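Novice: Listed here are the chains, written in short residue letters.
4 protein chains.
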Amino acid sequence: MAGVEEDVVAWRRHLHRHPEVSFEEHETSAFVAQTLAELGVEVSRPTETSVLGRLRGDGDGPVVALRADIDALPIQEESGVDFASERPGAMHACGHDGHTAMLLGAAKTLAADGVPRGEVRFIFQHGEELAPGGARDMIAAGVMEGVDFVYGCHLWTPLEYGKVAAVPGDWMAAADFFEITITGRGGHAGLPHTAVDTVACAAELVGSLQHIVARRIDPLQPAVVTIGSIHAGDAPNVIPGEARLTGTARSFDPDVRSLIPKLIEEIGHGVSAAHGASFELRFVYGYKPVVNDPVATELVRSVVRDELVEPDPIMGGDDFSAYLAEAPGCYAFVGAGGPFPHHHPRFVIDERALAIGTRLHVDVANKVLG
Amino acid sequence: MAGVEEDVVAWRRHLHRHPEVSFEEHETSAFVAQTLAELGVEVSRPTETSVLGRLRGDGDGPVVALRADIDALPIQEESGVDFASERPGAMHACGHDGHTAMLLGAAKTLAADGVPRGEVRFIFQHGEELAPGGARDMIAAGVMEGVDFVYGCHLWTPLEYGKVAAVPGDWMAAADFFEITITGRGGHAGLPHTAVDTVACAAELVGSLQHIVARRIDPLQPAVVTIGSIHAGDAPNVIPGEARLTGTARSFDPDVRSLIPKLIEEIGHGVSAAHGASFELRFVYGYKPVVNDPVATELVRSVVRDELVEPDPIMGGDDFSAYLAEAPGCYAFVGAGGPFPHHHPRFVIDERALAIGTRLHVDVANKVLG
Amino acid sequence: MAGVEEDVVAWRRHLHRHPEVSFEEHETSAFVAQTLAELGVEVSRPTETSVLGRLRGDGDGPVVALRADIDALPIQEESGVDFASERPGAMHACGHDGHTAMLLGAAKTLAADGVPRGEVRFIFQHGEELAPGGARDMIAAGVMEGVDFVYGCHLWTPLEYGKVAAVPGDWMAAADFFEITITGRGGHAGLPHTAVDTVACAAELVGSLQHIVARRIDPLQPAVVTIGSIHAGDAPNVIPGEARLTGTARSFDPDVRSLIPKLIEEIGHGVSAAHGASFELRFVYGYKPVVNDPVATELVRSVVRDELVEPDPIMGGDDFSAYLAEAPGCYAFVGAGGPFPHHHPRFVIDERALAIGTRLHVDVANKVLG
Amino acid sequence: MAGVEEDVVAWRRHLHRHPEVSFEEHETSAFVAQTLAELGVEVSRPTETSVLGRLRGDGDGPVVALRADIDALPIQEESGVDFASERPGAMHACGHDGHTAMLLGAAKTLAADGVPRGEVRFIFQHGEELAPGGARDMIAAGVMEGVDFVYGCHLWTPLEYGKVAAVPGDWMAAADFFEITITGRGGHAGLPHTAVDTVACAAELVGSLQHIVARRIDPLQPAVVTIGSIHAGDAPNVIPGEARLTGTARSFDPDVRSLIPKLIEEIGHGVSAAHGASFELRFVYGYKPVVNDPVATELVRSVVRDELVEPDPIMGGDDFSAYLAEAPGCYAFVGAGGPFPHHHPRFVIDERALAIGTRLHVDVANKVLG
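Chains as they are written, first to last, in UniProt numbering: chain W, 1 to 370; chain Z, 1 to 370; chain P, 1 to 370; chain X, 1 to 370.
Treat the hints as calculated values from the structure; they're not laboratory data. All values reported here derive from a predicted model rather than from experimental measurement. Among the hints, a few may not be true.
Stated by the list, open to error - Facing chain P, a subset of chain Z residues (Cβ under 8 Å, in silico):
| id | residue |
| --- | --- |
| 1 | Glu204 |
| 2 | Arg215 |
| 3 | Ile217 |
| 4 | His231 |
| 5 | Ala274 |
As the list claims (entries may be wrong) - A few chain Z residues that don't get close to chain P, going by computed Cβ distances all over 10 Å:
| id | residue |
| --- | --- |
| 6 | Val9 |
| 7 | Asp148 |
| 8 | Ser272 |
| 9 | Pro313 |
Don't be surprised by glycine CBs; every beta carbon is placed ideally from N, CA and C.
Next comes chain W alone, as it looks inside the complex (with noise of 0.2 Å):
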């Protein structure tokens, strides 16, 4: 459909500019509601900073769902973009930008094709990046009920552009959250022995938590544990009392998943009992692993029209998982190719791949229904 490709970029910089971390997607959702609304599509806001379209056809028929996730990071933008984030401290560096864009334009295209049968939901999910994430919000809402099929499309940039990889089986890890707390004794940076020294703890913990993954996992199962911040103190010349980290571990295999935080009290305990202090974890089972459903798969394989390929699964975690527990469905992939990691400053994606992420949604759409 002439112009939908043109909207998609406009979308996408436009959204780019204007990122909103997890849960405060306000404008976000107001834009993607009146945009659904001036193509036609049924609105509906699941959730405060969510927003569910639907295009119902005439007679019944499958329902297909649709989901793009909407959120941004709490990052600063290195990018250099002529489009880059206006809001300090904030930053589309995972393609939710172009996701939702690509969903926009797959509902403006078969808003104007028409639905024949059955329905296409569009889901505009907020709250990907932190857990427990948005989709469990939006399916406590109803948004999955009588859905047959669903479907997503990530932009990937370690594939390069004109790939899809749509994989049956394990695709995405488990994503879990955690934080912890040392507890010692603040004091003047001068009398240390007077002090229970928490930078001095964290600090040894960081490095004995890499020994789960180093040591304490059979090397044959992917696992991840990352500190992702730390923070203790506020001046140079006073021992703080406090000090916090956050992570996240990934893992597949179940017996792994639920290892890793018995390990981290282990280790926690112990390290922190070697420097008088006390630990404490608050461990958050976040997203199961996403595990695409054989069928759903070889359904959006068939209607690929660039070039196929299957790489090995990620270390990445995705929410999306929770709809796979709700109906059958497929987290596919397109190639953005670009030279920095996702959640990176200077994450920047090819944006010729807004094109085929947007075709694949509407030729997937288009065969369930058919």
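Please arrange chains Z, P and X on chain W, whose structure you already have, making use of the hints.
Specialist: Only chains Z, P and X this time, still in chain W's reference frame:
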């Protein structure tokens, strides 16, 4: 003098409620200036947030300077006292509220009694907690011109109430300050191999820096290297591309003092190279050691009415050393016995010590002038 | 064949009592050579401590090679079995005693039954546990000339008794080996600042090397870096000027394999520089991955009389891979279920497994020749 | 006395060639006993490898004991001197060869001159380098009975040739010793998750123990914790189930001295728990601080013919402190200026110092007796 003791306690509590961190002592210095003016002391403002008071006698005579530091620390108070800080994130956790109040009390007494000859200068100094401290600004503004002796009085909780320390020679350590920046490569928390993890690098660095004191400095030379703050990352699922640390080094010996930044550089570059990261150190030579003049110290000792003690030197630093480079003097410590170390969020003093410090200022001034 | 099973158990126990570490298998190889000769097998000695047995049929036909490794490990046995090692510091803790005995049992059966045509070669290889292993010496001596298929049979305690694994494709990891020398400056334990402490440096290095697997290799790529030994110092009151470490790296992917020594170098030089020490790495590429040939593996699977299972690949390495570079083949694993892992001082096997391995050798040979 | 200086050098070189480690000084003590006997000194053997010489005057008078330690260290010599150690792995790297020779020289001189009254005792003590040292055996055997003053003379390379230090009060640190055993679970190097890796645990422990001196002891109190040896594992491809470390702690203050083993316990148990390993500490209180008696020290100072200096105390320990618990005395240090620290494999002394030490022994003895 009747009532002065009550004034000192009241002033101290007022200041404790309204702490201002280093170089932001606007209300504090205004309060001091106004109080001095009301007492009939000649007032000037050497810098924006400091105050100089002068009481001049009729005839020629010695000039004695009495100094108090007036700034607070960036600590969230947890002391539970009635007059706790009303300013979030700021606290008088080192006793400077008391120092200020005691010197105001001395001014009130000396103003009432009259200065027969010579001059008493009251130096209310800003920014003692942050190097390079306020003392050098005060001296540049001329507060030490013509001064014959300079004295200060520090409340000290490790010392029991009722005791006073005035020790000749090495008394407080050199206090230097540094900032470290580790630069890696940000990335997705599930794909650590595509990033350079600055949290892991900073953690190993903190551990490795412990070898400076533990292994690389003569054990007979007192030294401390403290990392007072560490900050990296904003999200659990993003590997941060930068980590920032600040800290302080304490020593007495000049060779040890100059060795420490060299070792931080050596260790920092080595550990960062091991992680593929880069390292940058900004090291600021802060305060020289406080070395009390034997003659000036003997003068203090001669007027102490309480129990004179001679404890070990102190690893805390103070820019009182800058005044000692201009005139002979002594930094006396007044026991204010409390359960928590200086710079602790629950720091409290024994307020009875305020009377001792106030009296010491007055007695020393009279002794010099007499 | 009546009595063979008892012989195999007896031979295995004899060998268990008299373990010889890699490249020192003098008595072991003499025992094998004599036993084979008594069985009527043609015997030669490809190297000083290895043995080749041959049974040739009358007419032309395929040549099948069966290989057992015969060396023990430098471990002090703590198994408590009656026939425990009589040689201090040496132990058959990997099951090579059983491998040797099973292949002798196969030789006895095949010699008694007669080989109709073609040839069966019995390769009793020395030095499997120490890279570069004995396989390359054997091949250089010509043991693989004219071989059509090569098979081996490994007892495996993580696998239950009664199960056999013969898995096509990637089966065992590449196993590489390294030695690290850290050179500092020896000195008096009470004067650490006059020395460069290699114990402290080596300790930090071991911790820092954990980042290779935990942070710097794709979590989807299996990899292990183990420091198997660390040695420094002879006295509590002397700082040693040298520390020595040895270890092994395991991987499947060639890029990961070649990345590991680069990272060890990077980390080693960085950490040593942080301590003022120097670092030297000797890295030996050991064994390639064992990749079983699909056709040869299918042949094994067709004769397995027990439960055929398909477990995950194994991070252990084996220079059986060297034979697989010369002829298609398969390395089968026979369940010998026991409570302790291979290379553990209390390692024991379920001796019933010996009959299964012996029979597998015989059946495979007959299948190839038949 | 003509010739004594040459004898002392020759004796010292002979002893240097034939070092014997602590408690194995068989040849050394035999050599001393024979030499003394030839000089006409009354000889007895308080223990198997020590010697007591006595020269008694005719009349009553004071008894002065002169002590030398005679044992060597388990270090492989790399000094390159002509008379280097002929015994592999043993070396006089602390100067005890010189101490022994100097005291023999003093015996020769005093025997030739004759002792007018009272008595000179020559204590040739074994096992100074290994706590609990030989001094307590000597004292138990009665060598200090009736002694009025006790003196020793230590060659010291950090002190320039020509200088002598005899300092009243705190002079050498308390020297304590410890052994640590970490017990994990041995296993296959490629399967770290089935083992408990004692190398990784020991490495983290060594790093964590640095916090004792760096963070947990008053920086004004001199203290050292050195890990002198670490040993684990025999093969690169086996994870060892046990690691052993030995070390020494140095301090002056009794509270610090007793705090150190408590902290080693706390840190050891914490770090080991973090790895799932167990920890055992054997801590031996070795030598008390050497505190020189003011009167006895003044006596030494009065006879020094060279440059008397007053350096800082020394973190090295010596069981000379045991004698000082029995009688007042002084441990004098004689400058033997060399480029390498004591206990270094390339340790050498300036042999001209031998004459100074010999003379000091003689002069002190004559002063006491005179």
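Novice: With 8 Å as the cut and Cβ atoms as the points, is Z:Arg215 at the interface with chain P?
Specialist: Holds: closest Cβ of chain P sits about 4 Å from Z:Arg215, inside 8 Å.
Novice: Checking a non-interface call: every C-beta of chain P should be farther than 10 Å from the C-beta of Z:Ser272. Is that right?
Specialist: violated (7 Å)
Novice: Would the stated hint for Z:Ala274 survive a check requiring a Cβ distance to chain P of less than 8 Å?
Specialist: This hint holds: Z:Ala274 lies near chain P, its Cβ roughly 3 Å from the closest one there, short of 8 Å.
Novice: According to the definition I'm using, a residue is off the interface if its beta carbon is farther than 10 Å from all beta carbons of the partner; does Z:Val9 meet that for chain P?
Specialist: Non-interface label stands for Z:Val9: nearest chain P Cβ at 48 Å, farther than 10 Å.
Novice: Using Cβ atoms only, decide whether Z:Ile217 comes closer than 8 Å to chain P, and label the hint accordingly.
Specialist: holds (6 Å)
Novice: Regarding the assertion that Z:Asp148 does not contact chain P, is the least Cβ-Cβ distance greater than 10 Å?
Specialist: holds (42 Å)
Novice: For Z:Pro313, is the shortest beta carbon distance to chain P beyond 10 Å?
Specialist: holds (21 Å)
Novice: With chain P as the partner, please determine if Z:His231 meets the hint condition of a C-beta pair closer than 8 Å.
Specialist: violated (20 Å)
Novice: Using 8 Å as the Cβ threshold, decide whether Z:Glu204 counts as touching chain P.
Specialist: Given a least distance of 6 Å, the restraint on Z:Glu204 holds.
In terms of the numbered hints stated before, the structure departs from hints 4 and 8, listed from lowest to highest.
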